[in-house]
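A.B. asks: Sequence:
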Amino acid sequence: MNTAQSSLDNVDLDKLNDQDKQELRQFLNNQQQRSQIQSQTHQLTQICWTKCVPGSINGAKLDKNEEGCLANCVNRFMDLNFLTVKHLNSMRSG
1 MNTAQSSLDN
11 VDLDKLNDQD
21 KQELRQFLNN
31 QQQRSQIQSQ
41 THQLTQICWT
51 KCVPGSINGA
61 KLDKNEEGCL
71 ANCVNRFMDL
81 NFLTVKHLNS
91 MRSG
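Numbers 1 to 94, taken from full-length UniProt numbering, label the letters of the sequence shown in order.
Honestly, the hints are just simulated from the structure, not real lab data.
A hint or two may mislead.
Said to hold, decoys possible - What follows is a list of derived Cβ distance ranges for each label pair:
| id | residue 1 | residue 2 | range |
| --- | --- | --- | --- |
| 1 | L13 | S90 | 26 to 36 Å |
| 2 | N30 | R76 | 21 to 31 Å |
| 3 | N89 | Q26 | 17 to 27 Å |
| 4 | G55 | R76 | 17 to 27 Å |
| 5 | L16 | W49 | 40 to 50 Å |
| 6 | A60 | L16 | 45 to 55 Å |
| 7 | L13 | N58 | 55 to 65 Å |
| 8 | S56 | R25 | 45 to 55 Å |
| 9 | D14 | S90 | 37 to 47 Å |
| 10 | F27 | S56 | 42 to 52 Å |
| 11 | L16 | D79 | 40 to 50 Å |
All C-beta atoms in this analysis are idealised placements derived from N, C-alpha and C, irrespective of residue type, glycine included.
With these hints in hand, go ahead and build the complete structure from the sequences.
C.D. replies: Quick look at the structure:
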């Protein structure tokens, strides 16, 4: 059971009609997904920054190597996430 669902269990939902309950569940699910995306973004930033910018920044901009490394790191991370979601969706449907 996810966090949003367990939070709903602690609230007196008897006063809500079925449509309102569903809307509340959907809202909480959306908030949880938003939180997960933010967490992944912070994780990605930490991983790629540590890998691509090993020292201190010497100016207002990253150098070409750091900039290229960061772009490549982000692209590979996004590719991996896309393939993982695609695989999980195929497992659910198959």
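A.B. asks: All hints are to be evaluated individually against the structure, with a verdict given for each.
C.D. replies: Comparing the hints with the structure gives:
1. L13 <-> S90: 26 to 36 Å: 35 Å, holds
2. N30 <-> R76: 21 to 31 Å: 28 Å, holds
3. N89 <-> Q26: 17 to 27 Å: 20 Å, holds
4. G55 <-> R76: 17 to 27 Å: 22 Å, holds
5. L16 <-> W49: 40 to 50 Å: Taking Cβ atoms as reference, L16 and W49 lie about 44 Å apart, which means the hint holds.
6. A60 <-> L16: 45 to 55 Å: For L16 against A60, whose Cβ atoms are near 53 Å apart, the range 45 to 55 Å holds.
7. L13 <-> N58: 55 to 65 Å: Since L13 and N58 have Cβ atoms about 57 Å apart, the given range 55 to 65 Å holds.
8. S56 <-> R25: 45 to 55 Å: Since the Cβ atoms of S56 and R25 sit about 47 Å apart, the hinted range of 45 to 55 Å holds.
9. D14 <-> S90: 37 to 47 Å: Holds - the Cβ-Cβ distance for D14 and S90, about 40 Å, lies within 37 to 47 Å.
10. F27 <-> S56: 42 to 52 Å: 43 Å, holds
11. L16 <-> D79: 40 to 50 Å: This hint holds: roughly 42 Å between Cβ atoms.
Every hint from the earlier list agrees with this structure, and none is contradicted.
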